[in-house]
Amino acid sequence: MNKISIHNLSLTYSDGAQPLRDISFDIPANQISVIFGPAGGGKSSLLRTLNRLNDLTDIQDQEGSVLLDGRDLLDPSLDVIQLRRQVGMVFARPVVLPLSIKKNVTYGLEVAGETNKDLLSETVESSLKKAAIWDEVKARLDDPAIALSGGQQQRLCLARVLALEPEVILLDEPTSGLDPISTGKVEESLQDLKREYTIVLVPHSVQQAARTADQAIFLLQGELIEVNSGELMFTNPQDPRTQDYIQGRFG
Amino acid sequence: MTMKLSARQYKQRLGFSLLTLMTFLTVIPIIGVIIYIIYLGLPAINLEFLTGFPREGMREGGILPAIIGTFYLTLGTATFAVPLGIGSAIYLSEYAPDNKATQLIRIAIINLAGIPSVVYGLFGLGLFVLFLGFGTSILAGSLTLSIMTLPVIISTTEEALRAVPQSFRTVSMSLGATKLQTIKKIVLPQALPGILTGVILGLERAAGETAPILFTVAAFFLPRLPNSPLDATMALPYHLYVISTQVPGMPIKIQYGTALVLLVFVLGMNLVATAIRSRARARRQW
Chain C
1032 MNKISIHNLS LTYSDGAQPL RDISFDIPAN QISVIFGPAG GGKSSLLRTL
1082 NRLNDLTDIQ DQEGSVLLDG RDLLDPSLDV IQLRRQVGMV FARPVVLPLS
1132 IKKNVTYGLE VAGETNKDLL SETVESSLKK AAIWDEVKAR LDDPAIALSG
1182 GQQQRLCLAR VLALEPEVIL LDEPTSGLDP ISTGKVEESL QDLKREYTIV
1232 LVPHSVQQAA RTADQAIFLL QGELIEVNSG ELMFTNPQDP RTQDYIQGRF
1282 G
Chain F
145 MTMKLSARQY KQRLGFSLLT LMTFLTVIPI IGVIIYIIYL GLPAINLEFL
195 TGFPREGMRE GGILPAIIGT FYLTLGTATF AVPLGIGSAI YLSEYAPDNK
245 ATQLIRIAII NLAGIPSVVY GLFGLGLFVL FLGFGTSILA GSLTLSIMTL
295 PVIISTTEEA LRAVPQSFRT VSMSLGATKL QTIKKIVLPQ ALPGILTGVI
345 LGLERAAGET APILFTVAAF FLPRLPNSPL DATMALPYHL YVISTQVPGM
395 PIKIQYGTAL VLLVFVLGMN LVATAIRSRA RARRQW
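Going line by line, the protein sequences match chains C and F. Just so you know, we're using the working numbering here: the first sequence kicks off at 1032 and counts up by one. Just so you know, we're using the working numbering here: the second sequence kicks off at 145 and counts up by one.
Derived by calculation from the structure, the hints in this document are not laboratory data. Possibly wrong hints are sitting among the right ones.
[As the list claims (entries may be wrong)] With a Cα cut of at most 27 Å, we get these calculated DSS-like pairs of lysine-lysine:
1) C/Lys1148 with F/Lys329
2) C/Lys1225 with C/Lys1133
3) C/Lys1133 with C/Lys1216
4) C/Lys1160 with C/Lys1134
5) F/Lys329 with C/Lys1160
6) C/Lys1134 with F/Lys148
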């Protein structure tokens, strides 16, 4: 079953740059879809289209359609606040908000108007557990989140997204600042999370793409070169450009 | 072995010494002024001077009405300039589109800061005292000082808002917060110390200015406390001008005592601003 369907998506910024050109593919539910390719290929722009975070940048033109459960996300009348609760995002650099650990987790719910204290503290516990950081922070939930290590901060960022019970989770190079052990932990939790969520990941390396992908999408300079299952993409790519990139001949 | 400095190293040492010297040269007059005023003014300071009314043509007694007047004027200026200034800065930093109109507003604000204070005084006389009919009053004076203070508050507030990392805003909005919630819950609390510093520096300038209050509020001699915003009042900077130039036979210690009180008032505000800033720096979470 497809969670998201992208049809002929093109994106133009007001400075004339065109990070995405005529992109079409489907994102199946409860799988990890990995969007990979060299820098400047449009991966982040594509990710940020899925939660309309591109609205914060200077877009001149968006064409095509992006359907989430059949509803077009590019519709100007769409409630983007609601959408962003439904489609959560974890960024490359762990940006914890200048609040306590607990408040970071409840932030999304609180801005949505949730005031039930019991529900909030239950959410704190369950989200931190899902992000595999509960045991490390349960004794100091009121401490400033900035005091955590980089790896812990990134898992907190994941917990913060999970607290909103999204349907889709976008991850933009979530492990780029992390050591191999923390990276392993994040990749492990993705495998658990995909049972409940649809995951779209921009990996920080081809190796990570190969390790995690159920489906892989290769983007090159704003164009979609190849969509394939993770297995086929990294063992038997169809396009020579994909092959060259995976084997490290460019990028 | 003899150490021989190359020409480059020599120049480097000379440059460093010159720059150090320049720094000292700027600090010396400041310290000098403060010491001089304390030395000449301190003998005048006693309870009567601080809490009494002027007597004998201001040659004796206290300066309470001027102290209270300056306090009210600063308070009045804050009442108008702080909400207006912070509001404009939030608009300019967070909402204003990057276009010609916004640029024009910014240029106007920068230029407002460069207008001589006596011009503000004349403007206040024309608009608030005469046209709007407030008369020479604390209200007219506060409004005039507000207009003079606004550019300082707007530009420092805008700077403080811009210093808050953009990523906080992006993250907040990615979690479903609206722009207004993001500003209220994340941006403003982080920028608050910077904003407060700017506000205090602006108000400090307002408290020490003579020209803008000259035609709008300040009374030459009014030995009672103001009891409404529409009252005129004495104020420290203008009182200092009056007793220094307009009253023959004025004891020097009264002049310097008044200067000392004004200095303490203004430097005290400065100290508070510095304390806020350094405390915030120590607690900053990014």
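A quick look at each hint next to the structure:
Of the pairs offered as hints, the one joining C/Lys1148 and F/Lys329 holds, with about 19 Å between alpha carbons and a cut-off of 27 Å not exceeded. Simply put, C/Lys1225 and C/Lys1133 have alpha-carbon atoms about 24 Å apart, close enough for the 27 Å limit, and the pair holds. A threshold of 27 Å between alpha carbons decides the hint, and for C/Lys1133 with C/Lys1216 the separation of about 21 Å falls inside it, so the pair holds. This hinted pair checks out: C/Lys1160 and C/Lys1134 have alpha carbons roughly 16 Å apart, not beyond 27 Å.
A C-alpha spacing of about 26 Å is found between F/Lys329 and C/Lys1160, which places the hinted pair at or below 27 Å, so the restraint holds. Between C/Lys1134 and F/Lys148 the alpha-carbon distance is near 62 Å, which puts this suggested pair outside the 27 Å criterion.
Hint 6 from the list above is the single one not met by this structure.
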